[in-house]
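Sequences are here, hints too, so could you generate the full structure?
Protein chains in written order, with the UniProt record's numbering: chain A, 1 to 470; chain B, 1 to 470.
Some hints here could point you the wrong way.
Claimed, not checked - Over 12 Å on every C-beta distance to chain B, these chain A residues come out as not near it, computed from the model:
id: 1; residue: GLU3
id: 2; residue: ASN21
id: 3; residue: ASN51
id: 4; residue: GLU92
id: 5; residue: THR117
id: 6; residue: GLU227
Stated by the list, open to error - Covered by chain B, per the in silico footprint, the following chain A stretches (three or more residues, Cβ under 8 Å):
id: 7; stretch: 36–46
id: 8; stretch: 75–88
id: 9; stretch: 129–139
id: 10; stretch: 285–296
id: 11; stretch: 408–419
id: 12; stretch: 446–459
Calculated from the structure, these hints are not laboratory results. Small disclaimer: the values here were computed from a predicted structure and weren't measured. Each residue gets a CB set at the ideal place from its N, CA and C atoms; glycine is no exception.
Number of protein chains: 2
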Amino acid sequence: MPEKIALGRYVFERLNQLGVNTVFGLPGDFNLALLDHIDEVDGVRWAGNANELNASYAADGYARVKGLSCLITTFGVGELSAANGIAGSYAEHVPVIHIVGVPTVKATKGKLLLHHTLGDGRFDVYKKMFAQITEKAVTIDDITTAPHVFDEMFRTAYVTKRPVYIALPSNFIEEKVPADLLEDKIDLTLGPNDPQAEEEAVEEIMKMTVAAKNPIILVDACALRNEVQDLVAQLADETQFPIFATPMGKSGISEDHPRFGGVYVGVLSKPDVKEAVESADLVLSIGGLLSDYNTGSFSYEYSTKNVVEFHSGYTKIKSAIYNDVKMQWILEKLIESLPNVLGDYTPVDLPASPQAYKSLVVEPSEPITQSFLWNRVSTFFKPTDIAVSETGTSAFGIIQAHFPGQVIGISQVLFGSIGYATGAAAGASFAASELNPNRRVILFTGEGSFQLTTQSVSDCLQQYSTMELL
Amino acid sequence: MPEKIALGRYVFERLNQLGVNTVFGLPGDFNLALLDHIDEVDGVRWAGNANELNASYAADGYARVKGLSCLITTFGVGELSAANGIAGSYAEHVPVIHIVGVPTVKATKGKLLLHHTLGDGRFDVYKKMFAQITEKAVTIDDITTAPHVFDEMFRTAYVTKRPVYIALPSNFIEEKVPADLLEDKIDLTLGPNDPQAEEEAVEEIMKMTVAAKNPIILVDACALRNEVQDLVAQLADETQFPIFATPMGKSGISEDHPRFGGVYVGVLSKPDVKEAVESADLVLSIGGLLSDYNTGSFSYEYSTKNVVEFHSGYTKIKSAIYNDVKMQWILEKLIESLPNVLGDYTPVDLPASPQAYKSLVVEPSEPITQSFLWNRVSTFFKPTDIAVSETGTSAFGIIQAHFPGQVIGISQVLFGSIGYATGAAAGASFAASELNPNRRVILFTGEGSFQLTTQSVSDCLQQYSTMELL
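Encoded structure:
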């Protein structure tokens, strides 16, 4: 690599280091020069979507599989079409880096009546809009600090699990920056927990565990976003507590896990699952996100007040909040500590309904019901599948399907934008092909939702030699 | 009509009075109850678009033909997908009424973690975003004032020629309002000009006209938006000055008008048109909008400083601004006054190039060039056609086509969002069918742009028994 490289190349070198191997978006005259640098970086490819909404959904789907993604659009006309997708990523804690090619600093200062502006000299409007739906929104304004700003924004997206917005004036793209900046990798590690608060919290949770006869674990959306699935499984292994998932937490624990008890959705749960969760005398809730669709319209009815919530930035025990006690570190501590206080605990039986698909009897003469469909689909899944389901019938239905092995479920349960699933499936297909060329992405959608973003099918065709429409 | 009607019905009764006979948008659970009221109003129909971006483009296209339009979306996931279309309407001065069905006042106050929210209790985010790209954004918060607020917002859109945003909490839709409010029509008339300022401006323009040997009229975008085409034609009739159009002003004057001289785009003009405009010693510019694409990248080169600009809110003579001298009224005054001071004026010859298509000779062996195409297309147009051209090759090319009779040209020259034209054509098709069932809408686009909003084709199919793909 030369000593100095263009800022445009720097951006893609960094993304490559972060495992972002596909870049989504559309060309436009304020980002064309940037896109030309993709080819300079081995390991990064351009997806080239059909429109920006689909691109933003694709970036969201990709990030849910690979942990981070990048979307590139152009000033005004491009970026605004991605607003819905970015807002969804914000709502659902998905880290998408949105880079927007914008007019030069000179044109901006001159308030020129350029195309793609509102014609009134306000060049900062779009950034102001995106500031509302991203963790942070910045404009690159100095080539000497630009690499640092990009690094910081990439880190912010990764650590906060939220989208960020970077406006890149086109005059900076070819400006040179030192290549050796790339030698220091971007630090993505979390800071440690507050040791005193963590110790108190662990002690309190141990006390509650000793007293509990019937504790459960409930895994939710932010366990997936914070990528603690392995810790969740270890916690279930070590404690043998029954473990349940919410709709947004589905695939936070392998459903082949011997202690997996089913999906809990308040009053919409299977009766035996509802009973098992609501009769617990201690609930360890990991990454909870209590939206209406995720909770059966807020119908949780725990009989106990002994609820411990593990979040990305804090832990809450009953009403007490322990700030700066992040789920990653305290779960590690509990996996070590809890087995020592489980002397009296006898593992309870699990609900039977989640395994009902195994005994499914099919009579060809009977009508195909939703219940039949989703049970039957359970036998179709392979352990590495990625199952994307659309808001509505598909997302509600798939709750009752069994995900074997490491199946990843993707659904926009909180934000619930129809059309999302098709775009997200396209993005997930790029991620899947990077992880394992045989990995399947399966989209469940309705014909109404499908028409919103149908172009996404063409976006992902290059990923597959075969595609089946069922 | 009963004495009291639901607010939902009131909205559509008012739209009907304003000539908005088609409503664009998509259903969603916060606007469903509103949409149910459309059927109660004879003369208003639901377009039912495939996605919100396409719906917003359709509403823009409809408003450019009929003078006002309405788009209905749902909270968050719906409205945000329309952001690009609404921003375009703002930039290009197109009055679109955007009504968004939002959660109830109770849910909003309770900051419930509802679907379609960002999950953080901020229910006002989307309105804040749209406040940046609309003339005015409001939330209905009281049933007693709601009819008045709707009336005011409808008037604001019409008078300012900009989009407005109205968030309608779903709890108000079925609330009753007095039906007799509908008897007083919404006042859409402009206030009068400042009489003193107008008199001074008219006097000054008359002086300049007496001194001029070679005055011209240049018609631009806002002449169309303010619907002064008849006054523009009368001014040309009465003065016999050559009249030119900008790309955004194309169809502001019939190109069959005996004094129509061609389209002026700075350095991109035909040489004889460029010479005719730039050698003028008085330019009467009506509704000027000086964006880069509209001016050949800011390449106007008038040899005179005698430029009079007529705008919707003021008139500018050389450097002097006459506030509150609106184009509508001062043009009427000038049509009366100017003929009296034209004693010495001899009408100059017009450029020949705009009529060149008439002598076009076609040799089947020759390649089809852009120049050939657009000249040839000129003979294909019928006088009532609506010609929609996409940003890029189509919009640049159509400048040289001849529009006969009352052809309406639609192109998003300033904002320049690709994909716009297909959606706008769909919207224009609804407007056209309301004006004259035989009126044709002709879309010029490229295969790249077409893929962004291709669903719009299905949106407008119900308008036509035949559709031709050329």
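Hints versus structure:
With 12 Å as the threshold on Cβ separation, the claim that GLU3/A sits away from chain B holds: the shortest Cβ distance comes to roughly 37 Å. At the 12 Å boundary, the C-beta of ASN21/A stays outside the reach of chain B, the nearest C-beta of that chain being 25 Å off. Look at ASN51/A: its CB is around 4 Å from the nearest CB on chain B, not clear of 12 Å, so calling it non-interface is violated. With a least CB separation of 8 Å from chain B, GLU92/A falls inside the 12 Å interface cut-off, contrary to its annotation.
THR117/A, annotated as away from the interface, has a beta carbon of chain B within 12 Å; the closest lies near 7 Å. With a least beta-carbon separation of about 19 Å from chain B, GLU227/A lies farther than 12 Å from that chain, consistent with its non-interface assignment. Interface restraint, the stretch 36–46 of chain A with chain B: violated (0 residues with C-beta to C-beta distance below 8 Å; minimum three). With a cut-off of 8 Å between beta carbons, the stretch 75–88 of chain A has 8 residues touching chain B; three or more are needed, and the interface restraint holds.
Chain B is given as covering the stretch 129–139 of chain A, and this holds because 3 residues of the stretch bring a CB closer than 8 Å to a CB of that chain, at least three being needed. With 5 residues carrying a beta carbon less than 8 Å from a beta carbon of chain B, the stretch 285–296 of chain A meets the three-residue requirement, and the given coverage holds. Counting residues of the stretch 408–419 of chain A whose CB lies closer than 8 Å to any CB of chain B gives 7, so the stated coverage by that chain holds, three being the minimum. Judged by the Cβ-Cβ criterion of 8 Å, the stretch 446–459 of chain A is covered by chain B as claimed, because 6 of its residues qualify and three suffice.
Checked against the numbered hints above, the structure violates hints 3, 4, 5, 7; every other hint is satisfied.
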